[in-house]
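Chains as they are written, first to last, in my numbering: chain A, 585 to 845; chain B, 792 to 1115.
Source of the hints: derived by calculation from the structure; they are not laboratory data.
Any given hint might turn out to be false.
As the list claims (entries may be wrong) - Cut-off 25 Å, straight-line C-alpha distance, at most; resulting in silico cross-link-like pairs (SDA-like, lysine to any residue):
1) LYS947(B) to LEU744(A)
2) LYS734(A) to GLN939(B)
3) LYS734(A) to ASP1106(B)
4) LYS947(B) to ARG767(A)
5) LYS734(A) to LEU991(B)
6) LYS923(B) to THR904(B)
7) LYS734(A) to PHE986(B)
8) LYS729(A) to SER871(B)
9) LYS729(A) to GLY889(B)
10) LYS981(B) to TRP833(A)
11) LYS947(B) to PRO760(A)
12) LYS734(A) to PRO1082(B)
13) LYS947(B) to ALA676(A)
14) LYS947(B) to ARG827(A)
15) LYS734(A) to PHE1105(B)
16) LYS989(B) to PRO760(A)
17) LYS947(B) to PHE823(A)
18) LYS1042(B) to GLY743(A)
19) LYS1060(B) to LYS981(B)
20) LYS874(B) to ALA676(A)
21) LYS729(A) to LYS1060(B)
22) LYS734(A) to GLY929(B)
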Amino acid sequence: MMTPAALTKRAAPVLACIGLLAVWQVASLALKNDSFPTAIEAVRAIPDILGDKESLLNILASLRRMAIGFGVAVLVSIPLGLLMGRSRSIAAFFNPLLMVIYPVPKAALMPIIMLWLGVGDVTKTLVIFLGVSLPVIYHSFEGAKAVEEKMLWSGAAMGLSPAQRLVRIVLPAALPEILTGCRTGLVLALITMITSEMIARQSGAGNILFNALDMGQYDTVFAMIIIVGAMGIFLDALFERARARLVRWSEPQFDMPLSFS
Amino acid sequence: MKARQNGRGSNDAPHVCEGDGLSGRFLAKLVLLNVRASETRYGMTVVAARSSEWMRPVTSQEPASAIIEIDRVSQVFQTSARKDHLALSDISLTIEEGAFVSILGPSGCGKSTLLYIVGGFVSPTSGMAKIKGHAITGPGPDRGPVFQEFALFPWKTVLGNVMYGPRQQGVRAAEAEAQSRALIEMVGLKGFESFYPKELSGGMKQRVALARTLAYHPEVLLMDEPFGALDAHTRTRLQNDLLTIWERDRKTVLFVTHSVDEAVFLSDKVVMMSKSPGRIRQVIDIDLPRPRRRNELLLDPRYQKYVVDIERMFDESDEAGPVS
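Please build the complete structure, drawing on both the sequences and the hints.
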């Protein structure tokens, strides 16, 4: 039997979604603008997109690029961030480079990358890679920096080599922070995925969206926005579950009531 | 003074007959002499007389062999103002196998640095430290550290933490687990094997840290203010338990502390350090019988005298004007 408080907690996200759709519906009915379809029209267009084989393949191609871009970025960024966090000279070398790249919108680099590598998968995956790597490097760096020196000394006294200490002490100790970076990276992967397809139109979820916009099919545009949003929520929820399992040891054991609960 | 004399009178007898009788009786007489002396004389001269007593050679039954030799070690740190700070100046010290040695001094006297040098975590600017005749060039499982900050692996359970060292040393999982469970029981944490460090109190964490270090059988325990972050009650209990554990296998212990009581209660030898630059001021043999029981020792005038004398020596160095 669920307590009222638990029930509210469960129902809150659903209520938020319904509320958003309701506001949308009312606003669109009030404005009566052709380029702003009602929520019901947009939701109705979703099965058309997902039922179409070509659209589905497009979306899957997008997800594949995103998965590769994200995966490679994580595999490269975590070791780099950890090394930077534990070695002042490595940090001194890479920090200025990252500072230069950080504020540049990765989509702004796309025209140049397109010149070099064409408009295919490689370019788009590379842009996703760039978008994801910076937050992951940054959080890995911060996480590794915060690892207590004495924890490493304890490991050294047990006979762990420097490489073993990095993999078996710094990595797990920094994992909560690293995963925070990965979570940000995941959202950025989705964003850069769509923007890259906006600039290099050829295939993908972004392509469907912007083609529909060009042709004035506004219900499809909004349906795609809902689909992309839902993908984001789903991926984030999936990631959050995995994260909670991996770093259970760092979560507080007993839930303290928050001040405004 | 009166109270202490009375205390000595009523508690002296039971303590001097534990195989250690002669030296005990000898000491008791000295105490009596000095108590009288300090009633009539003033600070400096009395202390000078006392110092010479403490500096007599150890009256140990068997000749102990040196396990750690610190030879003219100096350590210079660069401070933020790019000035050199002499943390340790020309330290030489020999530690005998099986001895419980405390390094006592005010904060900033470099006592922890000295411990880190023996641990191999810090290389001295000049001089060298040796273990069993071999120069120390880095950390090794023959020297097990226990830190004030516990430094447990938070992603491992209590059992996982204690098993970590033996597993790293190549002990088979089943064997490492059995040994680790026994150690966890010995430090009084039976039932907490599957807890994460986050779920433990400070005292429990330090017990885990001790078990984790004992698990890989270091020859020397390096304890860096291990009870410094604990409340008074927990601290006392851990001191008692540490002594009980130590009295079983008599590992060599190098114990850094700024608490005079703690140093006297635990140690065979107290190395008093002074600050700026860090130097050894005096090495004092604590000639109190073992096994030591807290409730007996606190009433023992010999114990009280060690504590008072050491505190007085520190006070005098403070009053002697600026040392830096």
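For each hint, the structure was consulted:
Restraint check for LYS947(B) and LEU744(A): the C-alpha separation of about 16 Å stays at or below 25 Å, so the hint holds. Between the alpha carbons of LYS734(A) and GLN939(B) the distance comes to roughly 10 Å, so the proposed pair stays at or under 25 Å and holds. This hinted pair does not check out: LYS734(A) and ASP1106(B) have alpha carbons roughly 32 Å apart, beyond 25 Å. Only pairs whose Cα atoms come within 25 Å are accepted, and LYS947(B) paired with ARG767(A) is accepted, the gap being roughly 24 Å.
At roughly 19 Å between alpha-carbon atoms, LYS734(A) and LEU991(B) fall within 25 Å of each other, so this suggested pair holds. With a CA separation close to 20 Å, the supplied pair LYS923(B) and THR904(B) stays within the 25 Å bound. Distance hint between LYS734(A) and PHE986(B) is fulfilled; the C-alpha atoms sit about 21 Å from each other, no more than 25 Å. A distance of roughly 19 Å separates the Cα atoms of LYS729(A) and SER871(B); the hinted pair therefore holds under the 25 Å criterion.
The suggested pairing of LYS729(A) with GLY889(B) is violated, with an alpha-carbon distance near 38 Å, which exceeds 25 Å. A threshold of 25 Å between alpha carbons decides the hint, and for LYS981(B) with TRP833(A) the separation of about 20 Å falls inside it, so the pair holds. Taken as a hint, the LYS947(B) and PRO760(A) pair is honoured in the structure, with Cα atoms around 14 Å apart against an allowance of 25 Å. Only pairs whose Cα atoms come within 25 Å are accepted, and LYS734(A) paired with PRO1082(B) is rejected, the gap being roughly 32 Å.
The straight-line distance between the Cα atoms of LYS947(B) and ALA676(A) is roughly 32 Å, outside the 25 Å bound, and the hint therefore fails. The hinted pair formed by LYS947(B) and ARG827(A) meets the criterion: a straight-line CA distance of about 16 Å does not exceed 25 Å. Straight-line distance between C-alpha atoms of LYS734(A) and PHE1105(B) comes to about 30 Å, which puts the hinted pair past the 25 Å bound. With a C-alpha separation of about 14 Å, the suggested pairing of LYS989(B) with PRO760(A) holds against the 25 Å cut-off.
With a CA separation close to 22 Å, the supplied pair LYS947(B) and PHE823(A) stays within the 25 Å bound. Our distance criterion of 25 Å between C-alpha atoms is met by LYS1042(B) and GLY743(A), whose separation comes to about 20 Å. Using a Cα cut-off of 25 Å, the hinted pair LYS1060(B) and LYS981(B) is violated, with the two alpha carbons roughly 33 Å apart. The straight-line distance between the Cα atoms of LYS874(B) and ALA676(A) is roughly 23 Å, inside the 25 Å bound, and the hint therefore holds.
The straight-line distance between the Cα atoms of LYS729(A) and LYS1060(B) is roughly 38 Å, outside the 25 Å bound, and the hint therefore fails. At most 25 Å may separate the alpha-carbon atoms for a hinted pair to count; LYS734(A) and GLY929(B) meet this at roughly 14 Å.
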